[in-house]
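Q: Protein chains in written order, with our numbering: chain A, 72 to 265; chain B, 72 to 265.
Hints listed in this document are in silico derivations from the structure and should not be mistaken for laboratory results. Glycine included, every Cβ here is placed at the ideal spot set by N, Cα and C. Among these hints, one or two may not hold up.
[Stated by the list, open to error] Only some residues are given here: those of chain A computed to face chain B with a beta carbon under 10 Å:
(1) V90
(2) D94
(3) I257
(4) F259
[To be verified] Restraint ranges, calculated between C-beta atoms of paired labels, are given here:
(5) B:D235 <-> A:N159: 45 to 53 Å
(6) A:E120 <-> B:T253: 30 to 38 Å
(7) B:E254 <-> A:E254: 56 to 64 Å
(8) B:R212 <-> A:E254: 30 to 38 Å
[Said to hold, decoys possible] Anything over 10 Å on all C-beta distances counts as not near chain A; from chain B, calculated:
(9) E76
(10) A83
(11) D94
(12) H99
(13) V101
(14) P103
(15) S104
(16) T115
(17) I208
(18) A216
(19) R237
(20) K238
Protein chains: 2
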Amino acid sequence: MKALEEKIREEAVVLSPSVIKVDSFLNHSVDPSFMKDIGEAFYTKFKNEPVTKIITLESSGIAPAVMTGLFFDVPVVFLRKQKSLTLNDQLFTADVYSYTKETTNSISISKEYLSENDHVLIIDDLLANGQALKGMIDIVRESGAGLAGCGIVIEKGFQNGGSDLRKSNIRIESLAIISEMTEETITFSEREED
Amino acid sequence: MKALEEKIREEAVVLSPSVIKVDSFLNHSVDPSFMKDIGEAFYTKFKNEPVTKIITLESSGIAPAVMTGLFFDVPVVFLRKQKSLTLNDQLFTADVYSYTKETTNSISISKEYLSENDHVLIIDDLLANGQALKGMIDIVRESGAGLAGCGIVIEKGFQNGGSDLRKSNIRIESLAIISEMTEETITFSEREED
Numbered sequence: 072m073k074a075l076e077e078k079i080r081e082e083a084v085v086l087s088p089s090v091i092k093v094d095s096f097l098n099h100s101v102d103p104s105f106m107k108d109i110g111e112a113f114y115t116k117f118k119n120e121p122v123t124k125i126i127t128l129e130s131s132g133i134a135p136a137v138m139t140g141l142f143f144d145v146p147v148v149f150l151r152k153q154k155s156l157t158l159n160d161q162l163f164t165a166d167v168y169s170y171t172k173e174t175t176n177s178i179s180i181s182k183e184y185l186s187e188n189d190h191v192l193i194i195d196d197l198l199a200n201g202q203a204l205k206g207m208i209d210i211v212r213e214s215g216a217g218l219a220g221c222g223i224v225i226e227k228g229f230q231n232g233g234s235d236l237r238k239s240n241i242r243i244e245s246l247a248i249i250s251e252m253t254e255e256t257i258t259f260s261e262r263e264e265d
Numbered sequence: 072m073k074a075l076e077e078k079i080r081e082e083a084v085v086l087s088p089s090v091i092k093v094d095s096f097l098n099h100s101v102d103p104s105f106m107k108d109i110g111e112a113f114y115t116k117f118k119n120e121p122v123t124k125i126i127t128l129e130s131s132g133i134a135p136a137v138m139t140g141l142f143f144d145v146p147v148v149f150l151r152k153q154k155s156l157t158l159n160d161q162l163f164t165a166d167v168y169s170y171t172k173e174t175t176n177s178i179s180i181s182k183e184y185l186s187e188n189d190h191v192l193i194i195d196d197l198l199a200n201g202q203a204l205k206g207m208i209d210i211v212r213e214s215g216a217g218l219a220g221c222g223i224v225i226e227k228g229f230q231n232g233g234s235d236l237r238k239s240n241i242r243i244e245s246l247a248i249i250s251e252m253t254e255e256t257i258t259f260s261e262r263e264e265d
């Protein structure tokens, strides 16, 4: 998505070779109309899938997920992150390790909102090592629901989450894939014209 | 908002005389098109204000805030909740006590995204004791920005947050005000026709 790449080039702050800060349009401040364009871009990529539900992870996934849900006209469920979770048979849960924060969180969704009758699109803001995404995919599998794929706003292509998941035949559609970044330059993987 | 009151009557679960669970459309699963109607309702109430920015609190405030932002065409900033925050001169912060969780969280916004040139609309999902809202109002005051008011999806009118804030001349617009609730019945305060 060309407009997204431009926004990243103009506004993202590269804090280290692997850490990028996109607070100005994704992780802290959000431009709703740009977010709607992102929702439409995901819709265009996945519209041939019989999506019945979108799931995402709080908090930065919510804005792009809800906008995508507007185009699909399906419910959006945001998974909760908690330090630890006592076993609860009303929830599907997974543990997610964060390399940046060096902590493990439980993510969960109520069984009321995910079942084998669903065909799920996962939306998330960032893909790096893919830990959060793998947790969400495990939850979809556990529920028996079908998986349309994963729509990612920004993928750090030089980390292994995306390639790992694609190898296991998960459909990953990232609107921008950063192949390399330094304080001066951000390089994107080539993309289909959009 | 009549459609909201109906949704609350049909789907909300009253867990105790003061605790209501609205996971099916606000706090866990979200209907994007209904959320857009909520955004439009807030826009209708505040459209005469020169709003330049919307702020909300992660996570459940994000969906209604972003949809409201779509109508105003202004940025939406979601404040972060953290257990505690080391002093940071790049942030405006406030402490918020949660009566339900019996914990104090720091909420914060980067000074990059709020200034005296802003005229702020605060959007939040629920208003009970008003602790979170008071924290957000303190932050707006500290930044020197103007305050258009607060748009609340569901207010528990039998708790004192809303009346306290209205007494201090803060404009609070709640789309549904619950005056009383039991497991069997939810009663709303009278509202203007919408």
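Q: Now look at each hint and say whether the structure bears it out.
A: Cross-check of the supplied hints:
Annotation: interface hint on A:V90 violated; nearest CB of chain B at approximately 16 Å, more than 10 Å. This hint holds: A:D94 has a C-beta 7 Å from the nearest C-beta of chain B, less than the 10 Å allowed. The criterion of a C-beta within 10 Å of any C-beta in chain B is not met by A:I257, whose closest approach is roughly 20 Å, and the hint is violated. Because the beta carbon of A:F259 sits about 24 Å from the nearest beta carbon in chain B, more than 10 Å, this interface hint is broken.
Checking the proposed 45 to 53 Å range against B:D235 and A:N159 shows it is violated: the Cβ atoms sit about 35 Å from each other. Against the hinted window of 30 to 38 Å, the Cβ-Cβ separation of A:E120 and B:T253 comes to about 43 Å, which falls outside the hint. Between B:E254 and A:E254, the C-beta spacing of about 58 Å keeps the proposed range 56 to 64 Å intact. Between B:R212 and A:E254 the beta carbon distance is about 36 Å. The supplied range of 30 to 38 Å therefore holds.
With a cut of 10 Å on Cβ distances, B:E76 stays outside the contact zone with chain A, its closest approach being about 20 Å. No beta-carbon of chain A comes within 10 Å of the beta-carbon of B:A83; the shortest separation is about 14 Å. Residue-level check failed: B:D94 sits 6 Å from the nearest beta carbon of chain A, not beyond 10 Å. Once the 10 Å rule is applied to beta carbons, B:H99 is inconsistent with being away from chain A; the minimum gap is 6 Å.
At the 10 Å boundary, the C-beta of B:V101 falls inside the reach of chain A, the nearest C-beta of that chain being 5 Å off. In this structure B:P103 is not separated from chain A by more than 10 Å, as the shortest Cβ-Cβ distance comes to only about 4 Å. With a minimum CB-CB distance of about 6 Å to chain A, B:S104 fails to clear the 10 Å threshold, and the non-interface call is violated. Listed as a non-interface residue, B:T115 keeps its Cβ farther than 10 Å from every Cβ of chain A; the least gap is roughly 17 Å.
Taking the minimum C-beta to C-beta distance to chain A, about 19 Å, the non-interface status of B:I208 holds against the 10 Å cut. Remark: the non-interface label on B:A216 is consistent with the geometry, its nearest Cβ contact in chain A lying 14 Å away (cut-off 10 Å). No beta-carbon of chain A is positioned within 10 Å of the beta-carbon of B:R237; the least distance is around 28 Å. With a cut of 10 Å on Cβ distances, B:K238 stays outside the contact zone with chain A, its closest approach being about 32 Å.
In this structure, the hints that do not hold are numbers 1, 3, 4, 5, 6, 11, 12, 13, 14, 15, in rising order.
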